[in-house]
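**Student:** Go ahead and model the full structure; you've got the sequences and the hints to work with.
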Amino acid sequence: MNASDSDEDIYNERSALVRSESPALPSYIPDSDLTPPSGTPTKRLKAGISRRPGAAAADGGGSDPEVEAEEEELTLKYGAKHVIMLFIPVTLCMVVVVATIKSVSFYMEKTDQQLIYTPFTENTSSVGRRLLNSVLNTIIMISVIVVMTIFLVVLYKYRCYKFIHGWLILSSLMLLFWFSFMYLGEVFRTYNLAMDYPTVGVIIWNFGAVGMICIHWKGPLQLQQAYLILISALMALVFIKYLPEWSAWVILGAISVYDLVAVLSPKGPLRMLVETAQERNEPIFPALIYSSAMVWTVGMASPNETQRSEPDEEVEQSDGRAEPPSRHSRLLPEDEMEEDRGVKLGLGDFIFYSVLVGKAAATGGDWNTTLACFVAILIGLCLTLLLLAIFKKALPALPISITFGLVFYFSTDFLVQPFMDNLAAHQFYI
Amino acid sequence: MTAAVFFGCTFIAFGPAIALFLFTIAREPLRVIFLIAGAFFWLVSLLFSSLVWFISVQISNKESAAQQKGLLIFGVVLSVLLQETFRFAYYKLLKKANEGLLTLSQEETMPISIRQLAYVSGLGFGFMSGAFSVVNILADSAGPGTVGIHGDSQHYFLSSAFMTMAIILLHMFWGVVFFDACEKQRWWAVAAVVISHLLVSCLTFQNPEYVASLVPTYVILFLMGVWAFYSAGGSLKNLKLCLTCKDKDLLLANHRPR
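Chains as they are written, first to last, in the working numbering: chain A, 1 to 430; chain B, 1001 to 1258.
No wet-lab data here; the hints were simulated from the structure.
Please note that a few of the clues may not be correct.
[Stated by the list, open to error] Straight-line alpha carbon distances no greater than 35 Å define the calculated DSBU-like cross-link-like pairs of lysine-lysine that follow: (1) A/K393 with B/K1092; (2) A/K102 with B/K1069; (3) B/K1237 with B/K1092; (4) A/K393 with A/K81; (5) A/K393 with B/K1184; (6) A/K218 with A/K392; (7) A/K157 with A/K392; (8) A/K392 with B/K1096; (9) B/K1062 with B/K1184; (10) B/K1069 with A/K81; (11) B/K1062 with B/K1095; (12) A/K110 with B/K1062; (13) B/K1062 with A/K392; (14) A/K393 with A/K267; (15) A/K102 with A/K162; (16) B/K1069 with A/K393; (17) A/K267 with A/K110; (18) A/K102 with B/K1062; (19) B/K1096 with A/K393; (20) A/K218 with A/K110; (21) A/K267 with A/K102; (22) B/K1062 with A/K81; (23) A/K81 with B/K1095.
[Unchecked claim] Which residues of chain A face chain B? A few of them, derived with a C-beta cut under 8 Å, are: (24) I84; (25) L136; (26) M272; (27) G364; (28) W367; (29) L371.
[To be verified] Non-contacting residues of chain A with respect to chain B, defined by C-beta distances greater than 12 Å in every case (computed): (30) P89; (31) V95; (32) K110; (33) N133; (34) V144; (35) A254; (36) F374; (37) L385; (38) F419; (39) H426; (40) Q427.
As the structure is a computational prediction, the values presented were derived from the model and not from experiment.
All C-beta atoms, glycine included, are put in the ideal place defined by N, C-alpha and C.
**Tutor:** As structure tokens, this is what we get:
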């Protein structure tokens, strides 16, 4: 689980008065890499939102409706903040992907080389055959993903932690070193910059080593977030390059359906994973989720602080984020005590959002489609977080956003684009 | 066309809007969310109007240029009407959401007032409208080419940028006036907003006679700005106090941060 859940078991005179929730969540999907099946980031949407209206407690135990009212008000305030805390990284990831697609032509070049997970080619003559091939590709890809997820869940259930950690470390090694080396090479090629191998070696070594430390061990929260965004963007770029056109769209649709099923159905692998993690009170692996958490306590006597810092110490080796107790800001004791655990979003969600927007940017030189997909995805994310606040349990982050994204992509590409082109040609404004 | 044209036109078109966003909206998560939701509503309205236009084009005579132009004009008018309809729908949605929140929280004050919502949603509409109108043109302006080589106007980019700026600010003013009029049930004001939007769009039919289209647009922009200022609660006295920085006492008395 995450450290926040273990925190919740600490009861003191304040927390005993109010309930704190920690909804779990996730849409978990291990993605596959180009080469040997090392499963990379899985996804998860997790919201650990807990609020303790100190004012209610300070009243000497307010009545229940008052406590609830306060909580709803705080829910809204914190809800909006959490939405923005996710908007920013998702936007950044999409911006990186779109900027790369538009400038580095490597990622848009048509190549006959395909991933082994999408063996059927789309260079066929008839439309029907092409559609069939893309559906077959999708089936293969989704089954690979399902198998990997189930494998991961089985490993987790039987406590083969070393294997899982090794798998994750291997995949993040590959992303941080090999893919970023390729990316750097393509950027240099695009801008025609001369560079020597020793310099590149030093750059990549530093980048990769710091990344591994930040993601798998401890590091400043913002640096870890930046690295997670970067590796999601790299993964998305790989998908954009190597997935054939129609297969990519069908895969996006199928993945959303799979996400929905895997997270919400009682026997879904992702749901089982989350429940197992919750039972064992452990955080889910680092390098798989993006956490916007800022754990800060305000005021409060020391017993509470030491209690809070202990669980942090315990889980620190498997917890990617570092929250040293010194980060707590102390205010006057009579101020209300608030704790903001932030929201967590799985990396796979980042990847597939960016794949959608990147594909929209890659096909056709049209910015309207890209903008429309971008807004649609953000609104989908907003709605998902709203549902999360209402239902307070694990939710898949893909379906709503991807559905909106796909609807807006196709409708903007086929309907809005001719209209806007005609208007621009005559310089009419609506 | 050079980087100068690209950056110049971008800043002309989006400068005021981005400044407004950075200084008044960026720090408040709730306002940002409603801004993006406003942009989404505009997008949906555009989608529907494009759908209707597309269908009408498919069933029409594609050879006749006059008919195509007529259909385009029809598309523009329909789009304007749909945009205003969606603005009204957004207003209704926000009212309902606000009421729900109010009953839930049992507090006197809402986290965000209807006037702030009017401003933010108007700006959201404006952002999306401006972006859709001008982003492709800006992208083209960064590339190679000669403007007006076939005898068209050479001021295409500049006029597009100025028009876009006007449209964005107009959407914001329309939002403020529209929501205020709906709050006070003044339907003549709502009709005035719709008519002024139609007027601005129809003025652009005269492009490339930019003087005939841009100057009246800016006049309307100024008038709408004044109207929005008054309907948002501004007055000459407020303005004077603000400009001479004497408004701190007034704001303190009303318990509002500067």
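**Student:** Does each hint fit the structure? Answer for all of them.
**Tutor:** Each hint tested on the structure:
| no. | hint | verdict |
| --- | --- | --- |
| 1 | A/K393 with B/K1092 | 30 Å, holds |
| 2 | A/K102 with B/K1069 | 33 Å, holds |
| 3 | B/K1237 with B/K1092 | 33 Å, holds |
| 4 | A/K393 with A/K81 | 19 Å, holds |
| 5 | A/K393 with B/K1184 | 41 Å, violated |
| 6 | A/K218 with A/K392 | 29 Å, holds |
| 7 | A/K157 with A/K392 | 24 Å, holds |
| 8 | A/K392 with B/K1096 | 23 Å, holds |
| 9 | B/K1062 with B/K1184 | 47 Å, violated |
| 10 | B/K1069 with A/K81 | 47 Å, violated |
| 11 | B/K1062 with B/K1095 | 44 Å, violated |
| 12 | A/K110 with B/K1062 | 34 Å, holds |
| 13 | B/K1062 with A/K392 | 54 Å, violated |
| 14 | A/K393 with A/K267 | 16 Å, holds |
| 15 | A/K102 with A/K162 | 41 Å, violated |
| 16 | B/K1069 with A/K393 | 53 Å, violated |
| 17 | A/K267 with A/K110 | 40 Å, violated |
| 18 | A/K102 with B/K1062 | 34 Å, holds |
| 19 | B/K1096 with A/K393 | 26 Å, holds |
| 20 | A/K218 with A/K110 | 40 Å, violated |
| 21 | A/K267 with A/K102 | 42 Å, violated |
| 22 | B/K1062 with A/K81 | 51 Å, violated |
| 23 | A/K81 with B/K1095 | 21 Å, holds |
| 24 | I84 | 4 Å, holds |
| 25 | L136 | 32 Å, violated |
| 26 | M272 | 33 Å, violated |
| 27 | G364 | 11 Å, violated |
| 28 | W367 | 4 Å, holds |
| 29 | L371 | 6 Å, holds |
| 30 | P89 | 14 Å, holds |
| 31 | V95 | 14 Å, holds |
| 32 | K110 | 22 Å, holds |
| 33 | N133 | 29 Å, holds |
| 34 | V144 | 34 Å, holds |
| 35 | A254 | 24 Å, holds |
| 36 | F374 | 10 Å, violated |
| 37 | L385 | 10 Å, violated |
| 38 | F419 | 4 Å, violated |
| 39 | H426 | 7 Å, violated |
| 40 | Q427 | 4 Å, violated |
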